[in-house]
Amino acid sequence: MSSPDFIRKFEWKGWVLPLVLLLAWTVWTNVHPSLLFPTPQKTVAAFQEYSSTGAIWHFIGTSLRRFSYGFLLGCVAGFLAGAALGSSIWLERFFLPNIQAFRQVPLVGWVPLLVLWFGLGDSPRVVLIAMGAFFPVLLNTWAGFRNVPRNYREVGAAFGLTRLQTLRRIVLPASLPWVRSGTILSLTFSWTILVASEILTETNGGLSDLLDLGRERFRLELVNVAIILLGGIGFLMNFGLERVWSIGRLRWLSQNIHNQSKRGQTT
Amino acid sequence: MTATAIQLTAAAGFDRTASRTGSDIPAESSAKELRTGSGLPEAVREPEWRVSIKGLTKIFQGEAGEVVALNDIDLDIKVGEFVSLLGASGCGKTTLLRIIGGLERSFRGEALLDGARIAGPGRDRGFVFQDHRLLPWLTVEENVGFGLSHLKRKERSEIVGDHLDLVGLRSFARSYPSQLSGGMAQRASIARALATDPEILLLDEPLGALDALTRMHMQDELERIWKAKAGLTVVMVTHDVDEALYLSDRIVVLSPRPGTIRRIVDVPLARPRPRESYDFNRLKKILLEDFELSHKEIQPEFAI
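Chains E and B supply the protein sequences, listed in that same order.
Its first residue numbered 1, the first sequence is counted upward by one per residue in the working numbering.
Its first residue numbered 1, the second sequence is counted upward by one per residue in the working numbering.
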């Protein structure tokens with residue numbers, strides 16, 4: 001591969017809708033000026049104002065730091081727990097029903113407790129974000145381990161693999177498509193939890209400070225900046241994560257998806 | 001050999017001298033030597049039967065009670081022999097192959113490999129499934145080397161390279177299975193089974209999923225591979241009479257419910273076998289009669 005897929009196959013169609021919306025936004029707000037609906041120009045100006053002082057980069061840095069700690073922690077813990085439940089029917093029977101019950105508690109409901117337990121620093125937020133990533137990764141990993149095709153296990157058996165070898169050489173790789181989906185799902189989920197955790201706890205410093213500032217000073221263009229940044233960063237992270245899942249040894253994951261969609265089109 | 005085996009050789013006047021080994025020496029060890037052209041000690045150590053099955057019965061516990069998949073099977077397979085298990089679906093041919101492969105472990109009777117009880121799968125047997133079952137997360141070369149993880153990297157890549165050459169897939173070494181055609185995937189699967197240097201190759205309808213032309217081409221490939229691997233015994237499950245006739249030294253015809261050996265047919269035709277020859281079709285007719293497909297006897301009621 002000389003250049004990556006996403007550069008060679010530039011797909012413009014996805015950009016049409018955003019551009020149309022941007023145009024409509026510009027026209028509408030300039031024709032009907034309103035404090036409740038700032039123009040794109042004011043939004044860009046607000047961004048410049050806050051980025052020139054460096055404040056915005058500080059907000060982004062703080063939020064990303066919290067997020068990445070929480071997300072990585074949640075993914076690793078979720079994968080380990082899911083792998084354990086997926087490879088032991090005993091553990092599954094003991095813990096899975098409880099996990100299903102536990103995760104029905106809306107995560108933000110834990111905020112008061114977490115603040116009391118972990119103090120006012122970043123820790124309660126990181127824990128909450130980790131919890132957001134934990135459950136999707138856990139359940140997907142578990143399902144992946146449980147759904148390893150019998151046929152693949154039999155290949156292992158035909159070559160006389162031990163239980164541990166089967167786990168490492170058959171079950172683990174075969175479950176990777178599920179783990180991948182788990183992490184991609186939980187990325188979005190955790191990103192949402194990040195904003196909720198920042199709004200719901202005091203002493204901030206993250207991106208939701210922009211939301212607060214905008215509301216307090218009635219400068220909705222700041223809210224616009226925050227929303228666009230949150231969406232844009234989330235999108236880029238999602239894109240990045242999908243790329244991470246397709247490099248080197250993981251190339252087969254995205255290759256299979258491409259082939260399946262190709263087959264889908266022809267039949 | 002069993003009493004049901006039919007000796008067509010004399011009756012049909014087949015040319016025995018043009019058999020695979022280019023010789024009419026009947027002893028198995030001699031045949032092996034001629035094919036390998038290598039030393040004697042190995043040939044002396046070879047047991048008479050690679051596979052020996054006696055009074056084998058396999059019963060599956062189904063929802064509707066017991067299903068007798070195989071009933072009192074006796075079968076001996078010689079070293080270096082190419083044997084086909086031929087029958088309609090449900091005759092237990094795959095079960096029999098899986099028992100030899102060690103994938104089915106509970107059965108009554110005796111199943112021996114080189115004189116020892118078959119207790120489970122092992123590297124001495126290579127198994128090729130009907131669906132190629134290449135692991136999608138491994139490249140073709142990694143799949144072929146799957147059973148060689150105990151070897152050092154250099155040694156492994158040498159063996160893998162040799163086997164990729166054997167099946168003509170060297171240029172696809174770095175490809176993933178999803179990038180291969182059906183025939184190529186099945187060839188890679190055969191290479192994987194052979195890479196551990198098994199004494200016996202077990203093929204479970206290996207060409208069943210391929211189209212007719214690819215299939216005939218792959219039959220030639222199978223024959224070539226079998227010849228290239230000295231002393232290799234092959235047991236192939238198939239429901240294709242032509243395929244069995246084209247490739248086998250002996251054909252074991254199984255009949256269903258319960259799975260029993262109807263008869264064992266020797267195929268002493270010279271290789272490569274012309275599919276349109278008189279002898280080929282004569283044997284084919286005999287085999288088809290077993291499946292009541294040869295249109296030989298026309299029922300008077302229907303002969304209007």
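If you are wondering where the hints come from, they were derived from the structure by calculation, not from laboratory data.
Hints are supplied without guarantee of correctness; some may be wrong.
Some residues of chain B that are not near chain E, with every Cβ distance over 12 Å (derived) [to be verified]:
1. 54
2. 149
3. 158
Covered stretches of chain E, going by a simulated chain B footprint (3 or more residues, C-beta under 8 Å) [claimed, not checked]:
4. 150-162
5. 173-186
Being a predicted model, the structure only gives us computed values, none of them experimental.
Just so you know, even glycine gets a beta-carbon here, dropped at the ideal spot from N, CA and C.
Cross-check of the supplied hints:
Non-interface call for residue 54 of chain B relative to chain E: holds, since the shortest CB-CB distance, roughly 24 Å, exceeds 12 Å. Its closest Cβ contact with chain E, about 8 Å, brings residue 149 of chain B to no more than 12 Å, contrary to its assignment away from the interface. At the 12 Å boundary, the C-beta of residue 158 of chain B stays outside the reach of chain E, the nearest C-beta of that chain being 19 Å off. Counting residues of the stretch 150-162 of chain E whose beta carbon lies closer than 8 Å to any beta carbon of chain B gives 8, which reaches the threshold of three, so the coverage claim holds.
Closer than 8 Å: that is the beta-carbon criterion, and the stretch 173-186 of chain E has 3 residues meeting it against chain B, so the requirement of 3 holds.
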